Amino acid sequence: MKPSNIPSILSLARSGATSRAWDAFLSAGLDGVEEIEALTLKGRLLKDRAKQAAGAERAALFAQSGASYRRAARIRPDSYPLINAAAMALFAGDGASAAAIARDVLTLVDGDRSQGETPYWREATRAEAFLLLGRAPDAQTSLSAAIRCAPQAWEDHAATLRQFAAILAETGSDAAWLDPYRPAPSLHYSGILGIDSNDAIAAEAISTAIVEIAPGFGYGALAAGADILAAEALLACGAELHVVLPSSREVFCQSSVAPYGPEWTVRFDALCDAAHSLTICNGDSVTTRAGVALADYWAMGRAISKAIILESRAVALRIEPADRPALGDPWLASRRPVVHVAVEASRPTHGVADLSDGSLLFTVALGDDAGVADPLGFASLAEAVAAIPEHSVQAAIDCTSTGRRDTVAALLRNTPVGSVFATSSAAMAMLTEGRCSRIEPMGEMETADGPVDVFAVWPSG
Amino acid sequence: MHAGGDHRRAEQLSSIAACFGCGPHSADVLLSAMTERRYSAGANIAIRGDPSNMLFLILEGSVVAEIFGIDGQQAQLTRHGPGEIFGAYPEPMLHRADLRAIAETRLLSIPAVSLADLARAHADIGSGIAGLLARQLDLMLDRMAARIGLSASGRFHKALLQMADANDEIRPVPVISALALSVHTTRETGSRALAALLRRGIVERYEDHLRIVSRRMLEELVV
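These protein sequence lines map, in sequence, to chains A and B.
The numbering used here applies: residue 1 is where the first sequence begins, and numbers increase by one.
The numbering used here applies: residue 1 is where the second sequence begins, and numbers increase by one.
The following block holds chain A by itself, in its conformation from the complex (with noise of 0.2 Å):
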């Protein structure tokens, strides 16, 4: 039977507080229990360690994950901590040991195709096997053929790779070959409103560019013009839609797509039908220049979370006067690429449907020895984030339109001793602008103003 207070365990690890879950998994005397739970839980935090650490004492924890793992399938059978076993004895130095295990994870899956969880992991397990006895040949066999199995798990995939990645690494190989097999890239779309509806000549460039790109997920607004061509043109070459508005789907049209015709409308209406999500970013009552902004962040973000989590690109797309380049993107700060689409402006904007200003705050709330401060306001997030200190007991960061700020103060009292918690809003923002290396999700805070979806964040810069 599974201890109940595994997964509050778990989720102290996946939220970077590595010494705390080190100590909750103490605590809670499951240390020592030989149960398959306890024992993978036990490899994995041990494994976490032994990335933070350097030098013996890492060779050393790793090798004491591979045990914990290998003592799980002895327990039963189990491809799944037996591969881990494996891979955790060669980050050990002991590759001996890892190539014996290796063996015993091919003998295990040939022998029972029960093995391997899924149909996708079965194959990939015994890629990864077979990668560890040195057969690169076979694993790139059998890594096509888990690949086969699954083609749209997209995220099994994106696993597999980065520890193929580890294992070459590890040993000193090329990792090159992998690349193939890395889904396609994720893409952020914006550019001018000024597009005439029947401007064929700016509908095929977008169209050009996208089929170029070739991505299989697509992020962006829907404003009449660029936004609306580019978002068809996303779903005619196969690719997930994901729009994301910065009010409601009725605001949003009246304020950025109805005033430039009827025939945007319809086309609005059909794309939002046809998207494979709506988002919407914030709850004010009216489109404003934050608004869009903050929207900006969450599809920029969003694009780059999924190619991080996918181990893919994320490139942006954007379609504007070749003479206006899109200077203060904030894209521009993650130096991911680029790729412009020069258009001609084919209709008058100007005074059509001004938008009113509004502004972003970025907030910060820190806990430290002393207890918790007043939460601190900024104006961009650069300062947000150089307030942190690098070694932050407790840290909350958020962004808002509204000039709250007893979001950011929940926050950190939700947040655990050692990490930095982040709204969406603060977590998309910081993976757009390069100011943080990866994010994990959290769950969901509630709050008066509807869920607040949460992530542990690592800033950097």
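Where hints are given, some of them may not hold.
[Claimed, not checked] Listed below are the simulated DMTMM-like cross-link pairs for lysine to aspartate or glutamate, each with C-alpha atoms no more than 20 Å apart in a straight line:
{"#": "1", "chain 1": "B", "residue 1": "Lys-158", "chain 2": "B", "residue 2": "Asp-168"}
{"#": "2", "chain 1": "B", "residue 1": "Lys-158", "chain 2": "B", "residue 2": "Asp-117"}
{"#": "3", "chain 1": "B", "residue 1": "Lys-158", "chain 2": "B", "residue 2": "Asp-142"}
{"#": "4", "chain 1": "B", "residue 1": "Lys-158", "chain 2": "B", "residue 2": "Glu-204"}
{"#": "5", "chain 1": "B", "residue 1": "Lys-158", "chain 2": "A", "residue 2": "Glu-37"}
{"#": "6", "chain 1": "B", "residue 1": "Lys-158", "chain 2": "A", "residue 2": "Glu-390"}
[What the hints assert, rightly or not] Where chain B lies over chain A, by a calculated footprint (3+ residues, C-beta under 8 Å):
{"#": "7", "segment": "112–124"}
{"#": "8", "segment": "150–161"}
{"#": "9", "segment": "409–420"}
{"#": "10", "segment": "437–446"}
No wet-lab data here; the hints were simulated from the structure.
Please read all numbers here as calculations on a predicted model, not as lab measurements.
Ideal placement from N, C-alpha and C gives every residue a C-beta, glycine not left out.
We have chain A; now place chain B onto it with these hints.
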């Protein structure tokens, strides 16, 4: 009744059964006393001080409760989402706040007095109302405490695990919109979560059941 009407009625019955945790007969009894209401984004549902005779169940969309503070500024008390209830029960009262839809919203309404009568006559309806009120109280306390709980997809994954039998099978295939409602999320979120599980092979769909292929992987997604 035409096919669209049949489909809508079936969806309403599934939603009621999922939210009240009752059987098909009780769901049918409840639905016969209920009326579906639709509101466009921004539409007023009730004004503070108005008589409140109904209990509302949100099938789709969101409703905010707002009051004017002592400084004359409008303040949001709370926001109700899919699967939540608001209004009067067991007796009519006055609305404590202005209620406004903030998206296209679909509600089922039932007179408070009728629901109280049904609760007295049908044990599983009474038990369902108790469960609904308890969940609503939990949600309100979570909002007051700004507590972090599971994400919407995490709640959906957990519900699938809880519905599975000893063979990790879920029979019959659940109505996704109703299951999503029971964990306070939208049909779209539930559909996307299930589609991702099917895509990854974590769950398989058969004509009459779902099968959890990897319980461990599904448990890892309860976040």
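(message) Let me make sure I understand: some of the numbered hints might not hold for this structure. Which ones are they, in numerical order?
(response) Those not satisfied are hints 2, 6.
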